[in-house]
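2 protein chains.
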Amino acid sequence: MQMKRCVILCAAPRKDAGFFSRFIRESDYLICVDGGMTYAQQIDRTPDLLVGDFDSMPYQTFSGFEVIRHPPEKDDTDAMLAVKEGLRRGYRDFLFLAATGGRLDHTIANLMLLDYLNAHNAQGTIQDENNTLLFLRNASLSLPGEAGGKFSVFAWGGDAENISIKNAAYPVERFVMHPGYPSGVSNEFLNGPAEISVDSGALLICISKD
Amino acid sequence: MQMKRCVILCAAPRKDAGFFSRFIRESDYLICVDGGMTYAQQIDRTPDLLVGDFDSMPYQTFSGFEVIRHPPEKDDTDAMLAVKEGLRRGYRDFLFLAATGGRLDHTIANLMLLDYLNAHNAQGTIQDENNTLLFLRNASLSLPGEAGGKFSVFAWGGDAENISIKNAAYPVERFVMHPGYPSGVSNEFLNGPAEISVDSGALLICISKD
Numbered sequence: 000m001q002m003k004r005c006v007i008l009c010a011a012p013r014k015d016a017g018f019f020s021r022f023i024r025e026s027d028y029l030i031c032v033d034g035g036m037t038y039a040q041q042i043d044r045t046p047d048l049l050v051g052d053f054d055s056m057p058y059q060t061f062s063g064f065e066v067i068r069h070p071p072e073k074d075d076t077d078a079m080l081a082v083k084e085g086l087r088r089g090y091r092d093f094l095f096l097a098a099t100g101g102r103l104d105h106t107i108a109n110l111m112l113l114d115y116l117n118a119h120n121a122q123g124t125i126q127d128e129n130n131t132l133l134f135l136r137n138a139s140l141s142l143p144g145e146a147g148g149k150f151s152v153f154a155w156g157g158d159a160e161n162i163s164i165k166n167a168a169y170p171v172e173r174f175v176m177h178p179g180y181p182s183g184v185s186n187e188f189l190n191g192p193a194e195i196s197v198d199s200g201a202l203l204i205c206i207s208k209d
Numbered sequence: 000m001q002m003k004r005c006v007i008l009c010a011a012p013r014k015d016a017g018f019f020s021r022f023i024r025e026s027d028y029l030i031c032v033d034g035g036m037t038y039a040q041q042i043d044r045t046p047d048l049l050v051g052d053f054d055s056m057p058y059q060t061f062s063g064f065e066v067i068r069h070p071p072e073k074d075d076t077d078a079m080l081a082v083k084e085g086l087r088r089g090y091r092d093f094l095f096l097a098a099t100g101g102r103l104d105h106t107i108a109n110l111m112l113l114d115y116l117n118a119h120n121a122q123g124t125i126q127d128e129n130n131t132l133l134f135l136r137n138a139s140l141s142l143p144g145e146a147g148g149k150f151s152v153f154a155w156g157g158d159a160e161n162i163s164i165k166n167a168a169y170p171v172e173r174f175v176m177h178p179g180y181p182s183g184v185s186n187e188f189l190n191g192p193a194e195i196s197v198d199s200g201a202l203l204i205c206i207s208k209d
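These protein sequence lines are chains A and B, in that order. Everything in the first sequence is counted per numbering that gives the first Met the number 0, starting at 0 for the first residue and increasing by one. Everything in the second sequence is counted per numbering that gives the first Met the number 0, starting at 0 for the first residue and increasing by one.
Excised from the complex, chain A in its bound form (with noise of 0.2 angstroms):
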């Protein structure tokens, strides 16, 4: 049996939630970060677990679901403490959303979460509008996209080294990239998926579309 999918809803400003609903299956296990909560209500969808300091929102009594409430001085943001709950719940596939846009401190926060989500074992994706984020340390992964999408990919961390990028419009081999130097932006996909892999380092994928 596969296990269910993780869907983090965070809290970054939208205009509307609709967008969200075309990502969480009946099926995901639906936690919501603070501010999250009112993107879950406007798609009439209840989440599983509500996790904050309800400092973008109000506090108030809700039923029918769990919630954590975390005091607002705290080491972990409120995603990663999500992340750890989901984690401890036993779940290793994780979806974010909400979670680019407005604050840049926080879009940045969540990138690393990604490579912490890697660290344990787990895998996660961010989905925006535009863009939709991966992470990959000491792996190969097959990238589906459409002919003539764009994909850019980028050291994170560190040094990556022994990158190989096939079926793209502009592969590599035995490639290495630095984090101070954007050299893999705007790759192209041809027919079927791009083929990465990376012998030694982090790579952050990311399918961009304008």
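Quick caveat, the hints were computed from the structure, so don't treat them as lab data. Note that CB positions come from ideal geometry on N, CA and C, so glycine has one too. Treat each hint with caution, since some may be false.
Which bits of chain B does chain A cover? Going by a derived footprint, with three or more residues having C-beta under 8 angstroms, they are [said to hold, decoys possible]:
hint, region
1, 18–29
2, 96–107
3, 110–119
4, 126–137
No more than 25 angstroms apart at the CA atoms, straight line, and that leaves these computed lysine-lysine pairs for PhoX-like [claimed, not checked]:
hint, chain 1, residue 1, chain 2, residue 2
5, A, K149, B, K14
6, B, K73, A, K165
7, B, K149, A, K73
8, A, K208, B, K73
9, A, K14, A, K208
10, B, K208, A, K14
11, B, K14, A, K14
12, B, K73, A, K73
13, A, K149, B, K73
14, A, K73, B, K165
Reference excerpt, derived from the structure (chain B facing chain A, CB under 7 angstroms, subset only) [as the list claims (entries may be wrong)]:
hint, residue
15, Q41
16, F153
17, G156
18, G157
19, V184
20, C205
21, S207
Once you have looked at the hints, place chain B on chain A.
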């Protein structure tokens, strides 16, 4: 005599260019990156240089300023080409506008430009409506901000060791940060600038407001 500042006006989507005019001084050397030219026109500012592959705006004949046209198939992003031109012309202080939002691949690539500039004896700041981003490697910095305002500190490109943050709501000493764990999010200014230093490694510093 102080060297003039180089402003790089990028092409991330914006509804209104008025924000940018608040940050561009008369004395700045202004490089427009591709569609950033549209923003310059909207605020009635003539660039000193236009760099791009003209994939986000139609190529046309401009007069009154220099234009460097690159082919769309190239190793560097348009913004990196602008940075290299700025460095070649002697600038060491860079400000990036319209460098965040929309496509996250471009945003992440632009974060890397701050690292690149630091490695080339220069410094860059990314400014948008919610965020000010700075880069610090093996150095210290007085970070100005309003009392109660938020700032975050991230390890960039590897572990950052012996970090000190003083005159802040959550001060640290001899602290270590990792790119796979966001442990420095939402610190808070007290009165006067926060004092940040790192002995080994690099920090991305983000002043954010909602």
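Hint check:
no.: 1; hint: 18–29; in the structure: violated (count 0)
no.: 2; hint: 96–107; in the structure: holds (count 9)
no.: 3; hint: 110–119; in the structure: holds (count 7)
no.: 4; hint: 126–137; in the structure: holds (count 4)
no.: 5; hint: A:K149 to B:K14; in the structure: 24 angstroms, holds
no.: 6; hint: B:K73 to A:K165; in the structure: 18 angstroms, holds
no.: 7; hint: B:K149 to A:K73; in the structure: 14 angstroms, holds
no.: 8; hint: A:K208 to B:K73; in the structure: 19 angstroms, holds
no.: 9; hint: A:K14 to A:K208; in the structure: 19 angstroms, holds
no.: 10; hint: B:K208 to A:K14; in the structure: 18 angstroms, holds
no.: 11; hint: B:K14 to A:K14; in the structure: 14 angstroms, holds
no.: 12; hint: B:K73 to A:K73; in the structure: 45 angstroms, violated
no.: 13; hint: A:K149 to B:K73; in the structure: 14 angstroms, holds
no.: 14; hint: A:K73 to B:K165; in the structure: 18 angstroms, holds
no.: 15; hint: Q41; in the structure: 19 angstroms, violated
no.: 16; hint: F153; in the structure: 6 angstroms, holds
no.: 17; hint: G156; in the structure: 3 angstroms, holds
no.: 18; hint: G157; in the structure: 5 angstroms, holds
no.: 19; hint: V184; in the structure: 5 angstroms, holds
no.: 20; hint: C205; in the structure: 4 angstroms, holds
no.: 21; hint: S207; in the structure: 4 angstroms, holds
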